[in-house]
Each structure stands twice: as C-alpha cells, then as structure tokens.
Amino acid sequence: MEKGIVNTEIGSIIVYVKDNKAIKIEFKNEFLKEIELGIFTSQIKEYFEGKRKKLLFNVEINTGKTFKKIWDFVREIPYGQTMTYGQIAKILNVNPRVVGFAMSKNPLPIYIPCHRVVGKNDIHGFTGGRKWKEYLLNLESSQQY
DNA sequence: TCTAGCTAAACCC
DNA sequence: GGGTTTAGCTAGA
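For the first sequence, the working numbering assigns the number 1 to the initial residue and increments by one for each residue that follows.
Keeping only pairs whose Cα atoms sit at most 27 Å apart, straight-line, the calculated DSS-like set for lysine-lysine is: (1) K45 / K3; (2) K18 / K33; (3) K3 / K33; (4) K69 / K54; (5) K21 / K3; (6) K18 / K45; (7) K120 / K65; (8) K68 / K18.
With beta-carbon atoms standing in for the labels, derived distance ranges: (9) Y79 / I39: 14 to 20 Å; (10) S142 / K69: 28 to 34 Å; (11) G86 / L32: 32 to 38 Å; (12) R97 / E49: 32 to 38 Å; (13) K65 / Q87: 17 to 23 Å; (14) F31 / I123: 21 to 27 Å; (15) D122 / N20: 36 to 42 Å; (16) N121 / E2: 39 to 45 Å; (17) G86 / E134: 17 to 23 Å; (18) R130 / I14: 15 to 21 Å; (19) K28 / F101: 19 to 25 Å.
Note that these hints are calculated values from the structure, not bench results.
Note that beta-carbon positions come from the ideal geometry of N, C-alpha and C, so glycine has one too.
With the hints as constraints, model all of the structure from the sequences given.
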C-alpha cells in the first residue's frame with residue numbers, strides 16, 4: 001500500500017492507495033511532510049486550489065448496497081451546493097439515520113463530497129472534525145462563479 | 001419543548 | 001449469529 005500526503009491551510013491530508021486505486025482518505029490537524037503520489041495527490045492539490053471541482057481517480061469500495069447507493073448519489077451533488085440528510089433519504093427512499101451512518105463510515109471524504117451533506121438545522125459532524133467541513137464549504141462557496 | 005419510532009450495516013462479542 | 005451503535009428527521013403530546 002502506498003501513501004500520499006497533501007498539505008492545506010489547516011492541516012494535512014493522507015491518501016492511501018492500493019493497486020492504483022484510492023482506498024482511504026484521512027484528515028490530519030497537523031502538518032506532515034508532503035509526498036507526491038501521481039494523480040491522487042495532484043488532483044487533491046488542484047481541488048484545494050479551486051482549479052478542480054471533481055476528483056476522478058479509481059477507488060475501491062467494498063460495502064453494502066444501500067451505502068453504495070447513498071455514496072453514488074452524494075457524488076452527484078454539484079460543486080458549491082449542499083443538501084440535507086433528510087432530502088437525500090427521501091429521494092433514495094431510505095431512512096435519514098442510514099444516510100448519516102453511511103457518511104460516518106465513508107472512507108473517501110472529498111472524493112465522496114460528504115461535506116456537502118448537512119443537517120436540517122445544523123452542520124453536524126465530519127470525519128476529522130467540523131473544522132474541515134466548514135473549511136471545505138467555505139472553499140467551494142468562494143470559488144463559485 | 002420533549003419523546004418515541006424508524007432503520008441499514010459495521011463492529012464487537 | 002445476535003446485540004449495539006451511528007454525522008437525522010418527523011409526528012404527536
């Protein structure tokens with residue numbers, strides 16, 4: 001398994017790659033030494049510079065049918081827009097609780113833009129902390145044109 | 001304002 | 001295999 005690291009304004013992002021497929025993305029609240037790793041790190045870097053709106057590399061996800069359906073849908077949420085757990089649940093005909101659970105178990109944040117999914121009355125949680133979610137949402141809204 | 005019910009899959013015995 | 005847990009939401013009191 002290979003590892004790539006990209007630094008951002010508020011910390012580092014680690015991307016784990018196996019057989020040329022991303023299997024996990026992790027947020028760190030500390031700054032690590034950057035490690036280039038082909039398109040994986042270059043696309044993430046472009047995304048944080050606001051030049052790229054969608055990550056397009058191979059990933060490997062082994063999970064249940066419903067989770068996959070939810071993640072597929074979340075990937076279709078346009079750049080800079082947000083939806084609530086409830087809206088997604090209604091469209092996919094699942095329970096809102098399951099949507100939240102799927103997000104919490106999502107191994108590939110950013111690739112699956114779960115930061116664009118918020119609660120009805122609150123931002124709610126995010127892998128690695130709400131700080132990242134706010135940062136990502138702010139990044140996208142400032143890039144809208 | 002507060003409580004109960006819904007509901008899927010990872011995770012731990 | 002079974003019980004517990006989890007980034008929500010709605011309806012009824």
